[in-house]
Each structure stands twice: as C-alpha cells, then as structure tokens.
Amino acid sequence: MTSNWPILSLLIWLPILGGLAVIAVGDERAPLARLLALVISGLTFIFSIVLFTGFDTTTAAMQFTETKPWIESLDVFYSLGVDGFSVPLILLTTFFGILVVVAGWESIQVKVNQYMAAFLIMEGLMVGVFASLDALLFYAFFEAMLIPMFLVIGMWGGPRRVYATIKFFLYTFLGSVFMLIGLIYLYIQSGTWSILEWHQFPLALGVQKWLFLGFLAAFSVKIPMWPVHTWLPDAHVEAPTGGSVILAAIMLKIGGYGFIRFSLPITPDASAALDWLMISLSLIAVVYIGFVALVQQDMKKLIAYSSISHMGFVTLGMFIAFAVFQNTDNGRGAALGVEGAMVQMISHGFVSGALFLCVGVLYDRLHSRMIADYGGVANTMPWFAALAVLFFMANSGLPGTSGFVGEFMVILAAFQANFWYAFLAALTLILGAAYSLWLVKRVIFGEVANNEVANLEDINAREAFVLGTLAVAVLLVGLWPAPLVELMHVSVDSLLQHIQQPKFVLTGG
Amino acid sequence: MTRMDFLLIAPELWILTMTCVILVVDLYIKEERRGIVHLLGMVTLVFAAIITLRGDYGIDGTNSVLAFNGAFIRDQMGDVLKLFSYLVLAIVFIYAKFCLREFRMFRSDFYTLTLEALLGIMLLISANNLVMVYLGLELLALSSYTLVAYDRESKIGSEAAIKYFVLGSMASGILLYGMSMIYGATGSLDLQEVAAAVGNLSGDNYLLVFGLVFLVVGLAFKLGVVPFHMWIPDVYQGAPVAITLFIASVPKMAAFAMAFRLLQTGLGDLQGDWSQMLSVLAVLSIILGNLAAIAQTNIKRMLAYSTISHMGFVLMGLLPGTAAGYGAGMFYIIVYSLMSAAGFGMVILLSARGVEADKLDDFKGLNQRNSWYAAVMAMVMFSMAGVPVFVGFFAKWLVIKAALDAGLMWLAIIAVVFSVVGAFYYLRVVKLMYFDEPVTESRIEAPVDFRTVISLNGIMMLGLGIFSSSLIAVCMASFGA
Numbered sequence: 001m002t003s004n005w006p007i008l009s010l011l012i013w014l015p016i017l018g019g020l021a022v023i024a025v026g027d028e029r030a031p032l033a034r035l036l037a038l039v040i041s042g043l044t045f046i047f048s049i050v051l052f053t054g055f056d057t058t059t060a061a062m063q064f065t066e067t068k069p070w071i072e073s074l075d076v077f078y079s080l081g082v083d084g085f086s087v088p089l090i091l092l093t094t095f096f097g098i099l100v101v102v103a104g105w106e107s108i109q110v111k112v113n114q115y116m117a118a119f120l121i122m123e124g125l126m127v128g129v130f131a132s133l134d135a136l137l138f139y140a141f142f143e144a145m146l147i148p149m150f151l152v153i154g155m156w157g158g159p160r161r162v163y164a165t166i167k168f169f170l171y172t173f174l175g176s177v178f179m180l181i182g183l184i185y186l187y188i189q190s191g192t193w194s195i196l197e198w199h200q201f202p203l204a205l206g207v208q209k210w211l212f213l214g215f216l217a218a219f220s221v222k223i224p225m226w227p228v229h230t231w232l233p234d235a236h237v238e239a240p241t242g243g244s245v246i247l248a249a250i251m252l253k254i255g256g257y258g259f260i261r262f263s264l265p266i267t268p269d270a271s272a273a274l275d276w277l278m279i280s281l282s283l284i285a286v287v288y289i290g291f292v293a294l295v296q297q298d299m300k301k302l303i304a305y306s307s308i309s310h311m312g313f314v315t316l317g318m319f320i321a322f323a324v325f326q327n328t329d330n331g332r333g334a335a336l337g338v339e340g341a342m343v344q345m346i347s348h349g350f351v352s353g354a355l356f357l358c359v360g361v362l363y364d365r366l367h368s369r370m371i372a373d374y375g376g377v378a379n380t381m382p383w384f385a386a387l388a389v390l391f392f393m394a395n396s397g398l399p400g401t402s403g404f405v406g407e408f409m410v411i412l413a414a415f416q417a418n419f420w421y422a423f424l425a426a427l428t429l430i431l432g433a434a435y436s437l438w439l440v441k442r443v444i445f446g447e448v449a450n451n452e453v454a455n456l457e458d459i460n461a462r463e464a465f466v467l468g469t470l471a472v473a474v475l476l477v478g479l480w481p482a483p484l485v486e487l488m489h490v491s492v493d494s495l496l497q498h499i500q501q502p503k504f505v506l507t508g509g
Numbered sequence: 001m002t003r004m005d006f007l008l009i010a011p012e013l014w015i016l017t018m019t020c021v022i023l024v025v026d027l028y029i030k031e032e033r034r035g036i037v038h039l040l041g042m043v044t045l046v047f048a049a050i051i052t053l054r055g056d057y058g059i060d061g062t063n064s065v066l067a068f069n070g071a072f073i074r075d076q077m078g079d080v081l082k083l084f085s086y087l088v089l090a091i092v093f094i095y096a097k098f099c100l101r102e103f104r105m106f107r108s109d110f111y112t113l114t115l116e117a118l119l120g121i122m123l124l125i126s127a128n129n130l131v132m133v134y135l136g137l138e139l140l141a142l143s144s145y146t147l148v149a150y151d152r153e154s155k156i157g158s159e160a161a162i163k164y165f166v167l168g169s170m171a172s173g174i175l176l177y178g179m180s181m182i183y184g185a186t187g188s189l190d191l192q193e194v195a196a197a198v199g200n201l202s203g204d205n206y207l208l209v210f211g212l213v214f215l216v217v218g219l220a221f222k223l224g225v226v227p228f229h230m231w232i233p234d235v236y237q238g239a240p241v242a243i244t245l246f247i248a249s250v251p252k253m254a255a256f257a258m259a260f261r262l263l264q265t266g267l268g269d270l271q272g273d274w275s276q277m278l279s280v281l282a283v284l285s286i287i288l289g290n291l292a293a294i295a296q297t298n299i300k301r302m303l304a305y306s307t308i309s310h311m312g313f314v315l316m317g318l319l320p321g322t323a324a325g326y327g328a329g330m331f332y333i334i335v336y337s338l339m340s341a342a343g344f345g346m347v348i349l350l351s352a353r354g355v356e357a358d359k360l361d362d363f364k365g366l367n368q369r370n371s372w373y374a375a376v377m378a379m380v381m382f383s384m385a386g387v388p389v390f391v392g393f394f395a396k397w398l399v400i401k402a403a404l405d406a407g408l409m410w411l412a413i414i415a416v417v418f419s420v421v422g423a424f425y426y427l428r429v430v431k432l433m434y435f436d437e438p439v440t441e442s443r444i445e446a447p448v449d450f451r452t453v454i455s456l457n458g459i460m461m462l463g464l465g466i467f468s469s470s471l472i473a474v475c476m477a478s479f480g481a
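These protein sequence lines map, in sequence, to chains A and B.
If you read the first sequence in the numbering used here, its first letter stands for residue 1, the second for the next number, and so on.
If you read the second sequence in the numbering used here, its first letter stands for residue 1, the second for the next number, and so on.
The following block holds chain B by itself, in its conformation from the complex:
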C-alpha cells in the first residue's frame, strides 16, 4: 500500500470521514438547528466532487488506474458516474429536507445512511475485484434496507423493508454463490485475472457458465428487472417518498457499473452467453413494466413499473457488448436518475402536511393550480415517454441504435412498440394535470431552494435534450467509442 493508493480513494475516504463527523455533530446540536446537518451533507458532496475532479492520474477513456493491488479501479466511467451520483444525491438532499420536515421525520440518520449508501455506491462503481463488488453491494444494500424502514410507525414501510431485506439477502447470496463458482473455475477474484483465465479456458466450462447464471440473477435483482422485479413496486410504495426518491435514483448508477464490471471486464469472453440472458430479461422488463404501469393508480407504484421498463432499456444497451452500447447504457442510466429524481420531487412538492400525494389523482388540475410546476412534471413525463426533444428520447435513441448495430432488429421493434404503450400512462399524468379540474385549491408551497432545484431539474429534461451532445460524447468516450 502506497501513498498513491490512498490518493486514489480520497473521495471515498472523504465521504467516510464526513459520515462519521455528521454522526458526531448531530449529538451536539439541538432539534431546531438540524439544518446544519443538511448543510454538512451538501458540503460533503461538493468537496467530494472537487476531490474526484482534482487529482490528475492520467485517466481518460482508454486509460485507468488501479489501486490496492487491483482491487480498486479509477477510470472515466467510474469518475463520471460518481460525479453524477453526487449531483443526484445533492438534489435528493434538497427534496428530502423539505419532505422530511413536512413529515416530522427530519433526523440526521437520513444523511448518515444515505452517505453510507453513497460510499457503497462508489465502491461498487470502482470495484475491480469480486470481493470488492460484494462489499460495496452489501454496504449499499444494508443502508437501503434501513432507509426503507425509516418511518418506524408505518406498517407498510416495515413490511416493505422486511420484504426488501429478505429478497435482497437472497439475491446477495445467489450473487456470492455465483462468484464462488467463478472463483473456482478461474482461480482468481481479480476481474482482470478472471478475464484472462476465462480466455484460456477451452470448450464449455459448466462451472463457469453456472457461475455466470447466478451472477446474472443477482445483477437482475439489483437492477430490478423482470422476473426479479417483485420488490420494486412494494418498496417504492412502502418507503416514505423521500426514501423512494433516493432508492429510485442514485443506486441505479451503481447497478449499471456493477453489471459492466462483472460482465464486460470480468466475463467479456462469455458475451454470447450473457447477452442472450440479458435480452430475455430486457424484453420481459420492457413488456411487463410498461403493461403493469398502465393499471396503477398510485404514482409511486406507476413510477416503479416505469423504472422496471427503463432498466430493460439499460440492459438493451449492455447486451450487445459494444463500446457504443455501454456508452448508451451509461447515458441512459444517468438520464434516468435525473428524470426519476424530478418525478419523485414533484410527488414531494404536492405532498402537504404529512399526507403523501402518491395518488395519480393528486395531480388533477395541476395546471390550474400552478402552471409552471405542471410544465415541469409534463417535461418529466414526456422525457420518460421518450418524446423528442426531451432528453429521454436521446437515451432511448442511443440504446436502440446500439441494438440495431448489433443486428437485434426484433429487440428494437419490441422496445419501440412498448415505448408507445408506455407513452399512454405518461400521457395520462399529463392529462390529469392539464385536462382535469383540480380536486383541491390549496396553494403549493415549498422553500426557495426546493423550488429552484425542481425547476432546474425540469428544465434539465429539455436542456440536456437540446444540448445532449457533450454528455453523450463523455459517455461514449468513457468506453473509447
């Protein structure tokens, strides 16, 4: 272990330190001054971004740096995903502060737990070793289970947390089992060495392929794709909306990175095998996610099914195993996180005085109550539906292009047809906001930071779409495409 190793994990160390600091500081401040914790959280993220950006280690699309004997990797994909994790988490903090205050749940646990989860996310993004992957995953998962049960009084929340915990542990177990088989077949935990060993194996190696299957199942659970999606709607609905906001946005980026590291870096030679599995998962997710979302009356549940279909699209980017495909998947996951944050942010905005606005009907007549927020939600919905020139379109476009590049015409056709099906339920939200009469006339109130951020988040849908060029270029360059 050299000084360099520690420099490379400086952002992670910083987050860890600040999590402990917040934990201690909270002991000494009074209830009414808890805003300080929020401020510390924001400062943590800002400095984490600065630290991540600062060090010049010669990282670019093709060059990466290893630390701790290859257990940890710094590359462009990782750094970009980490930066977006900070950004989205900062948005989450601002939305959540307002929400938790409204619901009288504004405690510092939220900040320590989410920062802990962020640490897990960062380790997962940078993991280059099967054990590291598992450690990052568990750190993220345990924090998430706790967060779902954040509202102790809520029965539905506890139920969701238990369900999440049981299913999540099982998935972790399966993943670990798969890893052990891969270790058995290749004799190494290091992803590069695994890749080299896989390249040297000749013929069908059943142990390896079995390991791969278990690995894919574990990944599918974490991404929440059909048929391993059952936890998503219940957890999204059961958790307090501030927590759903978190779970639905930042961790997805880690899941993408994990999928890339395990499948491409580690088992790239088995692309033919995993690509078939992923295509089944992708098709099922896109179909079931979009169809089931139509039947929902609860917007958190609707967005949960919509997430499932979005993850299907992300898999479509991963499965061709091409640089352009990974770039497309990465762009999609970043865009998805921002869209999802904005969508749940709007749910928070409409929630008032301890009652969550989680019914679709709560959006009725929003245009008459406040036309700007209606426009924000409309932009989010059109973006999720993939209508140009909103950013969601460009995400779908890149992914479909990646699939067509790989000659997967049938997959592309299923994807576009079901995105039309999906457009229906997004349009229904727009319909409720614009064409229906409001059920309540109560004013929509929120602190100024919340209003600013949600507005920017909405404008992002359009702005990132029209000026998508640089973000696309960064994502593509991360994989040398």
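Pulled out of the complex, with its shape left as it was, chain A reads as follows:
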C-alpha cells in the first residue's frame, strides 16, 4: 500500500511545510504552536517507520527512489533515494525531531512559533541531505540547513551567541564552497549531477586528489575534524539545548555521511592515497581532543570536545579500510571499520543528544553550565542522576551501551591495519572514561555543593520521557546492534568492493 507513496518527499516536505504552518500560527498562541509542532514531528517519525519496515536489506541499490526534472537546461534532477547508509540516519533525524520539540516545551518562552518552526524546517532539510541522489540538490539542502541553525543559535542562545553563530555559519559556508567548485567541475566533466553516476565516472588520480580535498574542506568542517573544529565548542556552548542536540546528534553526522557518499566512492584512489592524512587527523582528534576535553570547566564544552574526539573514530573507521586491504586478504576488517563508523555515528547521535539534554535539564534549573556550580546532584535528583550516569558511561564506551559497539568495531579494524593505530585509538577508552567519569564525580556525586543544588527538583514526566526514550535506545543499540548492522551491511560491502577498484586505470591516468 505504502510502497508507491513518495515517502521521501513526504519526509522532507511535511516538516518544512509544517514548519511554515507553525510560523503562521503566530507569536501569541504559543501552546498551539507547540502542539502543532509535536503533531508534525510525530507524523514525520511515523512515516519514517514506514521507510524502515519497507526497506529491503538484501540489496545495496537505492530504494524508494523518486526522480523529477528540476533544472532541465543544466541536467539537474530532483532525485531522491536511500540505501543502508541513509536509512539509519534518517530515522535518527526524525527521532530527534520529536525529542527537540518536547525538550523545548517549557524552556523556550519567547518566539515559540519561530523556534519550533526552525527545528521542523531543519529536520526536513536534513532528511533531504540524507536522501538526495543529485549533487546539486544535496548541496542545496546541505547549505540551506545552515539558515535555521544560524537563527536558532543567534536568537535563543547564550551571551556570546552572535559570535558563535556567525562563526558557525561562515566556517561551514567556507568549507562547502570549495565542494561546490568540485561538484561543478565534476558536472562539467561528466555531464550529469547524479551522485550514483559519479561513483562510476573514471577520473585521473591527480584530479581525484583535488576533488577529495574539495570534499574534505566541506565535510571536515562539518564533522568536524581537528584542526577545523574550533567553531563547534563555541556553537555548542552558546546554542540553546535543542540546538546543541541537533547539532551534535544529526548535523555532525552529515559530515560523516558526506565522506561515505562522496569522498570514498567518487574519489576512491585519492582516498587510498591520502588515507594517511585522514588517519593522522583522526588519531589527533581522538587523543589530543580527548585531553582537551579533560580540562574543560564548562559541561557543554566538555561534551563538545568529546564529540569531536568521537567523530575522530568515525573518520578513522572509514579510512582505515585502505590500510586493512594492504595487510589482509579478506575484506572483513575493512567492513568492520566502516560499519563501526556508522554504528558510532548512530550511537554518538543518541549519546551526545542525551548528554546535551541532561545539561539542558540542569541548566533550566540553575542557569549555569559550569561544573564548579554543581556537586551532589544525585542527592536531590536521583532519577536524573541515574539516567545521566548511564549516558556518561555510554559516552566513555562502557560495554553494554551503544558507545561500546562502534568504538570496539573500529579498534578491531585498526588492529588489522597497524598495531599503533589501534593503540592510539584505544587510548580513547581511557581518556573518554576519564573525562566522563570525572565530570560525573564532580557534578553528580559527592556532597551537596550549595543551597541551589539542595533545592533542585527531580526531572518531571516530560523530561523523564525524553531521557528515558534515549536510555532505551542507547541500551538497545548496545546490547543488540544486529538489526542496525544488518540494515547497512549490504551497502557497506558494496561500497568496499567499489573502492577497491581503481578508477583512474580506466583513463590511463
């Protein structure tokens, strides 16, 4: 019944048009705006379930495809489709779509309609990014997404919000214009904007390297990789809770998704030739940024740095594949790396989202994010403490939580490449535990630090719902990752087969 629906278009346009409807509700009727936003995000999530149940995990081909001409004179198509890489990320997006609406229910009191609308529109655009098969369409969604986030940070953010949001916008904008040049170049060479056709399009190695660097400029800022990560801590600290959650849970994943969709398959030989660069940058992120996280005084900043460090795992998992190919004959290790990277992305989505929500819960009560202002929260907020500790454990990669699965897979893959890669990557288990648990010790356990903490009230039903759902997700992925892995398995295998075949041989370059 549902198989003929343009389900992807629905997932993109329902939240966008719904967001416009929420704006139209007006400033004065905030409760109605909230309710409408909840209904729309709920519906979007339900439709995305259809995507999940209808998805065929036995093929790597694009599914639910839709193609319509968009700008005919330049061969641009409105072309959508999903494979095993995009479906989990779309589900993550629609899932968080509901959570941010619920999380902002009470804490946002000014311009409620615009707040809710910004998130709905952003949700639609992010689904668009994950579903686009046309490079120009992808780019349009990729860039348009910055606008609502720019406004969210700037309008509802903290004291240095203007600096943070302009930095965020310009950084990402600068990165992506280089990609735009690369995309236009590819179009001129190939005569098509279709990403899938680009996967097969032969390119000389020198050209591939430039294109790879163009993609790297865009995606390394987005994910973000050291040394272009500096916008992220600022943006996270100043953003309202919902903004931080979406930023950490979804937007960073777009960078990782970009590597999988563009860099690896379009420029496989350049990826292989430059994998040392990616691996070193990833390891620096994992180790160095892990140390940076350790010394943070601000909870949000700590989580932001921890995100960068975790994203280092994602890029490591993706680009370790080439080193694994050199060392072993079977592709199993490489698949482990890419799957680990994907699992890590999903898991980090849940965990970092949950952590920012936890900080949001505390911030709503005490209006401080500084670690020093807290202490002994467990005494007054036992339920909150239980959930928060779970999430911090997951952040440090405790077995049984989702954080463990991805990191473990990537480390296993790294072992097949080079012992020292694995050794450095495994340091995260120590560092992650150190900064996460030290934060837990200082904020949650110990004596009640001051009167304000003594007067804290435990989480209400709404907050319990948000955090509880995430706790279930974190444990589910941790204990039973098989469905998630199965979802992407075929796509991963096909990607790995693809990147092993040199493209440039065909042109003799």
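Just so you know, the hints here were simulated from the structure itself, not pulled from any lab data.
Honestly, I wouldn't trust all of these hints.
[Said to hold, decoys possible] Label pairs and their in silico Cβ distance ranges:
{"hint": "1", "chain 1": "A", "residue 1": "468", "chain 2": "B", "residue 2": "410", "range": "54 to 64 angstroms"}
{"hint": "2", "chain 1": "A", "residue 1": "230", "chain 2": "B", "residue 2": "43", "range": "56 to 66 angstroms"}
{"hint": "3", "chain 1": "B", "residue 1": "463", "chain 2": "A", "residue 2": "468", "range": "39 to 49 angstroms"}
{"hint": "4", "chain 1": "A", "residue 1": "452", "chain 2": "B", "residue 2": "409", "range": "28 to 38 angstroms"}
{"hint": "5", "chain 1": "A", "residue 1": "20", "chain 2": "B", "residue 2": "104", "range": "36 to 46 angstroms"}
{"hint": "6", "chain 1": "B", "residue 1": "56", "chain 2": "A", "residue 2": "20", "range": "17 to 27 angstroms"}
{"hint": "7", "chain 1": "A", "residue 1": "204", "chain 2": "B", "residue 2": "449", "range": "57 to 67 angstroms"}
{"hint": "8", "chain 1": "A", "residue 1": "297", "chain 2": "B", "residue 2": "439", "range": "27 to 37 angstroms"}
{"hint": "9", "chain 1": "A", "residue 1": "399", "chain 2": "B", "residue 2": "409", "range": "42 to 52 angstroms"}
{"hint": "10", "chain 1": "A", "residue 1": "20", "chain 2": "B", "residue 2": "410", "range": "52 to 62 angstroms"}
{"hint": "11", "chain 1": "A", "residue 1": "204", "chain 2": "B", "residue 2": "47", "range": "56 to 66 angstroms"}
{"hint": "12", "chain 1": "B", "residue 1": "280", "chain 2": "A", "residue 2": "204", "range": "41 to 51 angstroms"}
{"hint": "13", "chain 1": "B", "residue 1": "173", "chain 2": "A", "residue 2": "68", "range": "48 to 58 angstroms"}
We treat Cβ as the ideally placed atom computed from N, Cα and C, and that holds for glycine.
Using the hints provided, position chain B relative to the given structure of chain A.
This is chain B only, laid out in the frame that chain A set:
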C-alpha cells in the same frame, strides 16, 4: 524606412508618447490627484509589455530582426531584458510612490524622468550601431543625473549629482573616443560590419586595441566595477532612496546588454584581449566590493559596495565569451535587479515621516516589530549572499560554472572565497534584525499595494530559486546555449 521598422520599435515609441502625455497631463491635474500620474505610469509599463510580447517577428534564441538599416536590433535577449525592465520599473514605481509621498516629493518629474531613462535603457538594449549605443547611453545618463538631484534641498544629493555628472560625462567621453578609434580602424559604425572588419584585419592592430581599451573603460564605469566604481557609493548614499532604488536596479540590465553588444557582437574576435581586461576588473570588484562593504554602517552604502561585487560576478559571466556564460550573466543581472529592488524597498518601508532608515541600526529588532518583513529582508540578504535555495545562489552557481567551463579555476576560487567574505555583512543585517532589540517600537505602516509588492518581491527570492528552471532556460536560450 518601412512600416516594419516602426512596428519593431513600437515599444520605444509607446514609451516616448506616454512620457509626453504624462508631462502634459500633469499640467492639468491638482496636487491631490497626482495618483493619476502613477496610474498612467503603470499603464504605460503594462502596455509596453503587451506591445513587446505581441508582434511575431520570428525572434528566438538564434534569429533576430534588424530595423533602420541595422541600427536597431530585436532579439530574444533584448526582449527578455526589456520585459524585466518593465517589471522592475513597475516595482520601483510602487515603492517610490509611497516613499516620495512620505518625503513630500511626489511630483510627476519622477515618472517622466524614469520613463525617459527607460527609453534610454531600451535603446541601449537594442542598439546595434555605435551611435545608437551612445544615444541610448546619454539618454539614460542625463535622466539619471537629474534624478539624483531630485531633492533640490539636499546638499548631499546635489553633491552626488555633480559627482555623477562629472565622472559620467568623462566616461561617456572616453567611450566615445574608443568608438571613434574603432570606427577609424574598421570604417563602420554598424556592429555587424565592425565584427566583419575586425575578422579581416590581420596581425596586431594597435588602433583597434586602443579603441577596445577605451571602450572597456567606458563600460566598466557604467557597470560600476573597480577601479571605476567611485561614483557608486556616493550616488547611492546621496540620492533619495527612491532614486537609488531606480539607479541600482533597472539600468544595470542595460549595462549588461551594452557590454554584450559591444564586446561580443562587435568585437567578438578580440575576445582574448577583452576577456583579460574583464577578468582583472571582475577580480578587483569582487574583492574590493566585498571587503569595503564590511566597513559600512549605512545600508545604502553597504548595498552600493555589494552591487560592485555583484557586477564583478556579472563580468565573470561575460568574460569567457561563451553562450552559457552570457546566459549566466543575463540571469545574474535580472536576479540582481530584483534583489536590489527588494533590498531598497525594505529601506523605504522602514523609513518613516521624512527620515530615511539608511542606517544599519534601523534594522535592529525588526523581527520583534514585524516578523514577516524581517523574513522578507532575510530572504533578500540570504539570496544576495548566495545561499541555496534562494535565487542568488543559482545566479552565482551559473556564473561559476561558466568560469570553470572556460578553465578559469583561479577566478572561480577567488569568487567563492569572497562570496563567503560577503556573506558576513549580509548575515550582519540578519543578525541586527533577529538577534538585537529594537530601538524603536513604532509601527511599520505602508499602503496595501506596497505591502503586497514587497511581500511578493521577497517570496520571489525563494520562488525563483526553487523554480529557477524556466528563467534559466530562457536566459540560456537567448544565446542559443
């Protein structure tokens, strides 16, 4: 001269007639009924559009028709640019009516002068002969000088007008000088014959190349690109905002057409020479325009520098000398005119009771005063910054593609990097509107036609972006791309 010649210039004749009619009608109507003049102006434009669209002369992307012994050309590029000139001028009329009433300057001179300028624009767009180019240009320029001094009481306005006049006359002189050299080298004023003669000349012809240099200087002045841009910020700031609105929008389309006719139609064989000159101009404009705009506190001045950088992008479309490049340039210039009209329209909207809202700070907290107008301005700003899916992005995208097609990677890289620099000052306007507290709580009031048009103009930024396909196709087809 046959009947056909007159049929082909029917739109021009119509505008000329109506300008005279308005001039006479104004003598017989009372001050309070001056709305009639506005109405006549709008009627003029609507019928001009109908006349332009009506005649079937077999014009399409590759076929054009000549009139008056080849002095005048009707082709698809010309017709499309003329139609957009009418449209943008109609928008200008509606914005200006409100503005001029607020400032107690609502006189019929505005309509006669702008229609006179429109006539110049149309002649320029259709000129196929060096003398025609010069006539159209002067008609446009003289009307513009007068318009800048529209507010007689304003010192800064008079200063701007004098500056514009002196520099503009000099540029016209230089252009004329260049034309005379080209005439000397080729022995003809007709652009097609010039082209043929240039093709037959062998080796380096210094007279011709000198002529070309002077021509390019004249063009650069009219387009307002660095280093011939000095008049733009002063004129934009000095003129009353209703006039700036006009100068910043419609005449740019004529400047584009003029550049195309002179460089491509006339001197297409010298593409290697002029393309180098244009690339220097384009790079300087994009860099200086975007950097200087950052330092401005006056929004009219900021938009002036932003214009300079936009014109740099238009040159990027022209300089590869390819059909796709011209199409891109044409799309850019049309889009720019619409964006610019909307931007100055917003300045007019915020101006109240005789005080121009030309400070950036006047935009503070607009979202709290009226979230719809804030959204309109935000759409204009994002479009100018070239963020998808607003139409400004597609304009930049086409131009960059044209440059890459021609192998000008370095130019494309400079262009995109400086469009990121440019994004900063556009974002600053958005920041003022959305993140800052308002300095005044006064209500934003405007007549219903103004509100409708500015809203549509804003929605256009998004609508033309999402549905850019047909306009792009028309622009590309105009050059057979």
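Evaluation of the provided hints:
1. Between residue 468(A) and residue 410(B) the beta carbons are some 56 angstroms apart, a value that agrees with the proposed interval 54 to 64 angstroms.
2. With their beta carbons about 59 angstroms apart, residue 230(A) and residue 43(B) fall inside the hinted range of 56 to 66 angstroms.
3. For the pair residue 463(B) and residue 468(A), the beta carbons lie near 43 angstroms from each other, so the given range of 39 to 49 angstroms is met.
4. At about 59 angstroms, the beta-carbon gap between residue 452(A) and residue 409(B) misses the expected band of 28 to 38 angstroms.
5. For residue 20(A) paired with residue 104(B), a C-beta distance near 39 angstroms keeps the hint of 36 to 46 angstroms intact.
6. A beta carbon spacing of about 42 angstroms between residue 56(B) and residue 20(A) contradicts the range 17 to 27 angstroms that was offered as a hint.
7. Here the CB-CB span from residue 204(A) to residue 449(B) is close to 58 angstroms, well matched to the stated 57 to 67 angstroms.
8. In this structure the supplied range 27 to 37 angstroms holds for residue 297(A) paired with residue 439(B), their Cβ-Cβ distance being about 36 angstroms.
9. Between residue 399(A) and residue 409(B) the beta carbon distance is about 50 angstroms. The supplied range of 42 to 52 angstroms therefore holds.
10. With their beta carbons about 41 angstroms apart, residue 20(A) and residue 410(B) fall outside the hinted range of 52 to 62 angstroms.
11. Our hint of 56 to 66 angstroms for residue 204(A) and residue 47(B) holds, since their Cβ atoms are close to 58 angstroms apart.
12. Here the CB-CB span from residue 280(B) to residue 204(A) is close to 31 angstroms, at odds with the stated 41 to 51 angstroms.
13. About 54 angstroms separates the C-beta atoms of residue 173(B) and residue 68(A), a value consistent with the hinted range of 48 to 58 angstroms.
Violation of the numbered hints given earlier is confined to hints 4, 6, 10, 12; the remaining hints are satisfied by the structure.
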